[in-house]
Amino acid sequence: MPEIRVTPLGAGQDVGRSCILVSIAGKNVMLDCGMHMGFSDDRRFPDFSYITRNGRLTDFLDCVIISHFHLDHCGALPYFSEMVGYDGPIYMTHPTQAICPILLEDYRKIAVDKKGEANFFTSQMIKDCMKKVVAVHLHQTVQVDDELEIKAYYAGHVLGAAMFQIKVGSESVVYTGDYNMTPDRHLGAAWIDKCRPNLLITESTYATTIRDSKRCRERDFLKKVHEAVERGGKVLIPVFALGRAQELCILLETFWERMNLKAPIYFSTGLTEKANHYYKLFITWTNQKIRKTFVQRNMFEFKHIKAFDRAFADNPGPMVVFATPGMLHAGQSLQIFRKWAGNEKNMVIMPGYCVQGTVGHKILSGQRKLEMEGRQVLEVKMQVEYMSFSAHADAKGIMQLVGQAEPESVLLVHGEAKKMEFLKQKIEQELRVSCYMPANGETVTLPTSPSIPVGVSLGLLKREMAQGLLPDAKKPRLLHGTLIMKDSNFRLVSSEQALKELGLAEHQLRFTCRVHLHDPRKEQETALRVYSHLKSVLKDHCVQHLPDGSVTVESILIQAAAHSEDPGTKVLLVSWTYQDEELGSYLTSLLKKGLPQASS
Amino acid sequence: MAAHLKKRVYEEFTKVVQQQQEEIATKKLRLTKPSKSAALHIDLCKATSPADALQYLLQFARKPVEAESVEGVVRILLEHYYKENDPSVRLKIASLLGLLSKTAGFSPDCIMDDAINILQNEKSHQVLAQLLDTLLAIGTKLPENQAIQMRLVDVACKHLTDTSHGVRNKCLQLLGNLGSLEKSVTKDGEGLAVRDVQKIIGDYFSDQDPRVRTAAIKAMLQLHERGLKLHQTIYNQACKLLSDDYEQVRSAAVQLIWVVSQLYPESIVPIPSSNEEIRLVDDAFGKICHMVSDGSWVVRVQAAKLLGSMEQVSSHFLEQTLDKKLMSDLRRKRTAHERAKELYSSGEFSSGRKWGDDAPKEEIDTGAVNLIESGACGAFVHGLEDEMYEVRIAAVEALCMLAQSSPSFAEKCLDFLVDMFNDEIEEVRLQSIHTMRKISNNITLREDQLDTVLAVLEDSSRDIREALHELLCCTNVSTKEGIHLALVELLKNLTKYPTDRDSIWKCLKFLGSRHPTLVLPLVPELLSTHPFFDTAEPDMDDPAYIAVLVLIFNAAKTCPTMPALFSDHTFRHYAYLRDSLSHLVPALRLPGRKLVSSAVSPSIMPHEDPSHQFLQQSLERVYSLQHLDPQGTQELLELTIRDLQRLGELQSELAGVADFSATYLRCQLLLIKALQEKLWNVAAPLYLKQSDLASAAAKQIMEETYKMEFMYSGVENKQVVIIHHMRLQAKALQLIVTARTTRGVDPLFGMCEKFLQEVDFFQRCFIADLPHLQDSFVDKLLDLMPRLMTSKPVEVVKILQTMLRQSTFLHLPLPEQIHKASATIIEPAGESDNPLRFTSGLVVALDVDATLEHVQDPQNTVKVQVLYPDGQAQMIHPKPADFRNPGPGRHRLITQVYLSHTAWTEPCQVEVRLLLAYNSSSRIPKSPWIEGGEVSPQVETSIEGTIPFSKSVKVYIMPKPARR
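Chains A and B are the protein sequences, given in the same order.
Position 264 of the first sequence, counted from 1, bears residue number 264 in full-length UniProt numbering, the numbering being contiguous throughout.
Position 640 of the second sequence, counted from 1, bears residue number 640 in full-length UniProt numbering, the numbering being contiguous throughout.
So here's chain B without its partners, still in its complex pose (with noise of 0.2 Å):
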């Protein structure tokens, strides 16, 4: 039987090929179905040995099994279990019903009650656990059954008792996902007693062995996460478990608790072994600090990390975990932040020091110093000096959501994250100089602290001075000394690594708009302008003095007195150095000068809101204006595209909806374009020629509409379906051109039915959605479908020619938020005239530094292109590491593409691109990636799934024939 079936298969199979292979497919894996479970049954009958048996089941397992089959398979399989002697196969059996149970489609009702019957019978431990596992999977894939639900929860509390600790950890994973929420629960069926899940479960927290306990825990865990709200007597026990033998139990008691302290933060505890109470989330905290010094260090990791999250703690609770309590001898000490501190009050800091300044001061009262239940006591001192950088990692994390959330705190624990930029390993120091930006909005730097900050600026990592430049950008600074030390360092900084000078003069952008007063007095000894003599001129070429300007010139933006302060030729730079750079030098109020054309923009910054009405109306104008002539609407698109387009140079923050409108837009325009062609009144054969422009109008409505879909963020499912719908209405278009100039039936067979294929895709992916596309193209099509499946090609084209000419402009609602992603390569810069050279053959590295704005997941979706000038393409894909977040939407990519190629005779031009890659394959099928060099590299790439979304540059590049 089954050799019969598989022949079919396999005549199939060879028919099919000839025609397309997406039927393929489809076809096979129909026809596959019923030998599935046929096979499995000889195969098992076939078994001599438990050996056997079992290495047929593992074959069986890799493959996929459908769903209608799943029952079938099911069945032989309980059939076997029964007659199974040998456990190993016995648990392979239970594990493979629970992987078929979570088989999509298949409702597992059926099979469960044969699965406990199996269970009460079963004597092995192992494969109890396991039967206890796929019970599991049957439970929660019917979490609307309550019956069942009840059920398998009795059938996990009896098998609470058993002696195997995997059998117990089962059943209390069992109850935690599928224990009832409600604790009254109507008596219903079967009558099963109302069980307290939650008092059941913490009987298990003492438990002898330790797995048991985890398990326990993380099955109250687990009822958490499903909304079950915990009791508050749990936080007691879970107290407990904080010192257990076992770090894993006593991780997983951590979560708890602070689970509990965030469900209850309000109620109020005893302190044991005195009168006092405190509130839990308090108590809670003072626990998990003490966690913080555990021995296990993964234990420390977790206790650290949730430190961050306890927002609700007292203030002097939080305060405390930066405070020791020094001592010396028994006598208090000040720490040594304490004392910089004061030395910088009291005005005498840089004086030197004094002997003995450290000296401890008052005596301490012996009985009342507390070692060790000082609660959160130093915990952040003890975290962020911790052994593992892990756990400082987590300590770092955990001050910066504090910091946050309190002004008062970010003020206290500057001192501890200015002293983490000292640390041993490179990814704390770039954590914690990440930190202290994100809070930088809290704080003042003071000087001694800036010193220490700007010291990193000598690191030799790339990464830590950017982030310090980053940081330096927001900070605030209290003195001019301060700046002027920053603006030093800074320069310092520029000549020992020229590479990073735009982040240099980026950071000195804005520290000089934030600190104009600062820089005011600064000026003179900046520009070294002399009350009386000329100085000579300063080289207008040097990075250095560009960086001190642009920290002068964005001063003076909002300090009107400053320019006075400049001399004859500062004036002419500004003007210089306003064309050139004009991004990081602001547009200045000169006096005697008009103001430059941009004096504008600041006029129309404060009104924002016509130019949003302007962009509101312009498209009413055009939804509104449907039935307008057609040479009409395409005057009136093509106005509102320029105007849209025009709008988003203006403003950038409307930018990207401006050209996402005008992209649909476009979109439109094409398809009335193409709509409007002759070829339609034409007979077929006769017009092959102007069948170019309405097969290119699909072609590129496709591709805009990929770039709709995948180059904005914030893109919700709303524009989705218009998009989709849009690109239908293209491969629509695509069809009819298709069947227009191509003779004979036999490829119109495959595009209609792929076409078919689509529009039941989207049907099935936008149900919800179909209500709002009333009158739509896809509504109309959806309405002839019956009709369609069953008609021939060429009617089918015939319809769909009239039904798109029919269909109307769909409104396309403008999201909240929408950028277009888009990126820079500042590296190569592409000017160098001196070519890269190399042996042929061999290869050589070409660094590559671009920014990326608005990039969701710019690992998987950023590739890099290099078009070698004899048109072979090539993609590379940078490695996650090599992707960088400085900041909300941003990212940088830094990576080394390695370039090869044969002998030239003359140095040539290879272009670098980035390009985005989309990945719609989840939902259209379709052809994988072409490699670089098969095909010629044109706009198919971007068909392909890629868009480009950087300019290309243009690097110099020779390789050099290998010497012999």
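Chain A on its own, in the form it takes in the complex (with noise of 0.2 Å):
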């Protein structure tokens, strides 16, 4: 029976190291290659030992796909394909090939410079890593090899996030990564075709929100800003380096130019001018407004938006300061807010999702005392908000992207286990659909039915065309035909021409049958009472009395003599060919009956 297996390594009813094993008709596909922000240890990266416990992992492994550039689903990838040893291909796309290497140099600067850890990959390991990669285009199937083909669809969530069909043969897994399905200031919705695939992964990282509309979210999000910069306040913003930060910038900067703002706007630097640089050059997976506009103005041009110097925080006055990390639980942002928290005046913006664990999740959840290393407890005085600017799909939005796939069925990760639930009985309620959630590490197992192809020769389906009306979509049709079965081919082709490559000769094959009917009268007269019955009954078939006395119905053959010792008796002789078997067997049952009685 062949049957789909999927494993998730990470992201299993957990978010943040995405790594998820799928085997497909005997190949073997990683989808994405992610980090854990909450730990530090051995777990913050997926246990490659699980795929082969011995062998190498590029004998095992057909590819190795990535989504999107977000450090947890691509940070383990020059650990995995370096350290480990993988040799085979690694697919993204061309701005997450472009981006990825800097976020990946950035998390080894901060693991190995700050932290000062040992036996982690180094610069050199990143870039033969990424010597690994082929990019895909959107929509450009790629040959893996014979049977494996991959395509890559839209799913916005970051600039270069793609969903991946996996194919083989007629079976099919959609992995969608991250996505979003409403469009924002900077990318457009997440949209896929009716590819009806066995399986549809999806994330599900908010499956029980049902989100308000991103006008008032923006709306809120400016005002709360403004707000504070007009008490003289400094805003926070802790970010990802690449994503929800460009939208906010580009929000910001519209907002400033607009209000005619003069509070200084900081990024923090490094990484942003590189990544800012990317995003000025991919316009053609942004949104339609800046696709539009970018020809008299490139909306990553930023005017207000300056780069951060450390010196900077301490700066006296209003500025609002995009720094990374996202969930505070290193870096700048993080030395940032120790310098801000005490300060009422102060806020700090949580645009995205906090792993457990984080700085981050610890305000969010209204801790006010935060111990820090060395023992240190740092209260937090300033104002803590929550926009929830994450560029995932919400619950409504998974579902709608499940409507547009139409799935056979569908399995959840990267997500809360307790949420997951909710949207697992949703899924199955609403739309029918058998619906998963593995643990990391626990395999799902999918019995699939593919569909063989046969060719059909044109001449027999012309044939069989020519006999019956149209085809009818809703019903199914008999066709006869031989099936010839060689070099792993199918071919349904006519008898004859099935002979004729065989090189057999055609046997005929005839049934004789005999009916006793009771009647007195002489055999001519039998035969014409059987040639008006049957011309009665069989109006839609040819009847035809011939001139020897027999009657025919189309090829059969219908004789009638008298039986030997009872003259009261006539024997119907009843002869058909093998092809005519249905018409023939029916047409005996139906002289078995007997004849009418006649009138007279």
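Quick caveat, the hints were computed from the structure, so don't treat them as lab data.
Glycine residues also receive a C-beta, built at the ideal position from the N, C-alpha and C atoms.
Which residues of chain B face chain A? A few of them, derived with a C-beta cut under 8 Å, are:
| no. | residue |
| --- | --- |
| 1 | 245 |
| 2 | 293 |
| 3 | 295 |
| 4 | 385 |
| 5 | 387 |
| 6 | 388 |
| 7 | 389 |
| 8 | 422 |
| 9 | 424 |
| 10 | 425 |
| 11 | 458 |
DSBU-like mimics (lysine-lysine), calculated; alpha carbons at most 35 Å apart, straight line:
| no. | chain 1 | residue 1 | chain 2 | residue 2 |
| --- | --- | --- | --- | --- |
| 12 | A | 224 | B | 480 |
| 13 | A | 224 | A | 280 |
| 14 | B | 438 | A | 214 |
Put the complex together from the two separate chains, hints included.
Have a look at this one:
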């Protein structure tokens, strides 16, 4: 029995460390290769030893696909490919390919230079890893090998984020990565055609949320920032360097321009400039507005937003700072947060999801006293605001995407177990699609019934078409032919052709049957009565009375003869070929019922 | 043969050229007719290969064929068709047959048999499809002939089983266009079985080819358009198609569902998987709402558009479209809008935000939450934040239409519309502002909403700002803080964009007059008066101060207590503004002052009837006194014209009617005067000079008639007849005058013929109205037409002369609504002393800003004319995008005019004015436009098809010689 097997190594009933193994029709594909923000020990990377205990990964995996450049989707890639060892192809979109190494390098710096970790991947490893990457375009079908093909769809979420369809023969799996069904200031909405995959693996970060209109969110955000700046406070917006940051930048930039505000906006330096550069380049991946207006002005060329210097944090007066990373777990954002946390005029806006264990998660859940490294206690007096700007689909959006793709079954990853439970129930109830939510390391096996294509010869098809009316989509049609299985391909041909191809002679198979009729009259008269009876019953068949006294219905021959012993009974000889079996057996049963009594 | 014919054509051509141009055209056409089919035949015979034949056919198709020769051409084509083996040539012939059968005046029933005949033997699918198209053309030309229609439907049904999608498509199209309207057609003639067209088409909803499915739905829609009542059973079929794989099918299915929902709004349909039932229109509404989140934006646009026109939908369904049922972590959450409203109503708005007030509230029962099948839920929320601005615009339009019909919905959708003011695409912002304006009488803005609205005043786009001013003109504001906020923002806007001055003043005028009680408590603050101290007198020329005064004075009009708060200089400023900006400042009853003269006007206002009666009476007086002595008639006419003109000035509502009738009477007066000339009594050669007056009169009447026809909106056919009749009289007059004053017959010959043609034309155009023209000039003229046709010019002139004198005065029926087109050029203002300098030979752009009132189709008719001091005139055609439509009957032209000239020594003034171009060439053959520069610009411009309808503005310009 063919089957699809899915094992999440990460992101199973969890957010972070996305890594999903899929085996489909004998091909093994790894979807994403991320790290976990909440851990700094071995648990931060997926357990690759699960894939093969011994033996090389390259032999086992056919390809690796990276959906987008967020570290929880690509953070473990250099470790996986260079340190564990994988030499096969890695697929990602062009923007991901461009931006991914910047983020990896940044991550490496924080881990190695700041935290002083040993046994971490090096810059060279990142470079070597990126050499294995094959970039794909949207909607481009890439043949990984003869049978396995993949295709990318637009996913919104961040620049270059893609959903991937993995297809072997007629079996297919769609992996959404992270996606967004509502467009924002710089990206469009995810879109997929009705590809009807066997399995749709979808993220479910906001499985239990239906979000308000984004316009309210935007307005709220601007209002909050504006108010804080007006009373002279400093606003800290921790962001992932890429993705939401750019949207918020565009939002603030246009707002500043409209309201003619003077307070400086800073963006923590380094990778941002490089990244913004890529945003300017990949205009085709952005939304309608930016695509249409970039000829006049590229929206990513900011006028009001300047690079941040560490010294600026102590400057008096209001300011807005975007700083990385987004969950306040390390780096510049945490530094600035510690500086500003004591002043109630200041404000921190968390624009996205925070993983458990991070400072971001703690302050959002209302904690006002934080234990920092070295037993310090930090009192948080500044305002803490949460704006759901993270670009994941909400429950409605997920259902919408499932509805668009029309999969046979759905598998939820990248979310919390409790929330998944709700969505799973909803999907099963409302869309009538089976739904799974495996934990990490748990394997889901889906039996499939792959369809086997059979070639039909044109001659046969035309002949069958000519016989009946138009093919009706609703009713199955019976087709007579010979199935030839040769060199693992199937062909349906007419029997004559099959005989010819196989060099066999045709054998005629004839059935003959005697039917006893109680009829005292002469043979000819009996034949005539049979003829008129059949004529009246079989209206749409050609019934003939031949001069030699026999009756034919199409090619079926009926002869009447007197019974040798009993003159009162006549024997009807019915003879038909194998091809007319249906009609022939019908006729005999008809005749066995006897002739209707003649009126006279 | 053909060559010979051709030669004859050219001979005729060269001969006629010496005479007149119009004739050449007509005669040439008549003579080419026989050669048409013959030439084609010869060409086709000559063709050696299919490619050749195709070339000939393509060439042939470029020229039109007259109705009389169509049949011949068709025969030749058919003949060739039978012989032709190449399908592409047959295809072309088939398409030509279709084209030919569309020729006006040709009845294609004679070629139908042949077409059906060749259809039966045709093998190529493409040709078949084309032939069916031809049959469709034939069928649509003969809508009355039931038998033919039946037969065509029969043919279509037969070919429905074809394997090619193209053929099936065409068959369905044919069925949709020709399928019989009544199900029970009398079985006549050939006894064709009555077919249920709807069922046949419906069967193809499940065709395997998406194109055919689309065609089937389109055919169904076509049936509906032709007035056939669709069965309700189609609804279920159409609903299934909503989940089709192909967007064009879904798009068409949405339309079909909409149609059915409009047909059977009240019938009841069951909800699947439950026992409940709902109204069909509600069900359809829910389904279409669901399509607003379709995968294809084409479908989304379609769905969003159609939502707007479903007015019968129940209100709770309607309101669901704005409700997304938010939740967070399985707990019910209120939207930001709800929170804002609550804050506002609890009175602690702008008190700073509390932590966690958006925290989710009650727990939600997991079973009760529906994620997709919630029908109409949040459709507009989705539509308004769609990725494609086309969808967003469609959604805004739909909101507008629904809100107009339901005040409660208007109130609810307000928040969303206000949000749209911050859309990233300007068009969407503009559209939502317009929408808001349209529904503004249903709503009152809350302060926080007003805040968002006013923030848009800083937008850099002029269109947006002006649209917003328009919106504020008709907005209801609830609090005095709101008014204050609006004023402050408007003043900020004024300092930022001084060009908005007029628009802001106007906006404040309405804001003041709508909210007198809200303005009252603000007055001391606005005028910065102080209870004890005299404050400095503000600068009277400050536009911001004027703006404040406009607001206050307009509020004071209905608030008599307000003037008590004014200080002395305010009264002085009032007097000044009342004079200088009388359209913005109303008359006030000021204490201790006599009412200004305009105090009379409000007393007139309520009595509208007497003035209307007066108008009617004076007109009737004129019409009844037809046979007065000439002197009396003339005096009466003059008097009435004067009365009417004065009436028009006094009563703006009647200005259109009064002007219109005055113009007509003036024409009549001119005609009478011209006929009173002594000229007629004296022998022709002696009176060369006097004819000036008569010919000038004729010319002027012509002008006036054009004005009457094209400058007034609301002119109906009844009036057009009279106007044309008047013009005909003017032409007759012209002809007579010319006959009198010129020697020789040759030029007369042409003129006579032209005149007779016009009479003929008049007869054809207005044949239906002729009975109303009893006893008139044209009535008599048509009686004598046969005689006129044969007689010599001199006689014609004589007859015309007598008839003109005998003809009676036609009564001009007054139209219901009539408005005179007018235009005011706001910019350039024409006051500047500083010349606009530019290098000669290069261009300089002059911004032109004008408002147009009651102009129909301004995109095509309004032109800008520039007159240079050396007499050069230039006509500029503004782009269609330069016109905006701020309100019904009003248009705004904002364009740039490019000027260029050679160097002058002194700065000079050029005149800029607007022209109303009319195009009567469709009815009356006219010579083409005269290009600027060739003809001196005089009154002639108006004869040549344009009427100046604005005052000309002088612009000082100075082209300098180029420096080398």
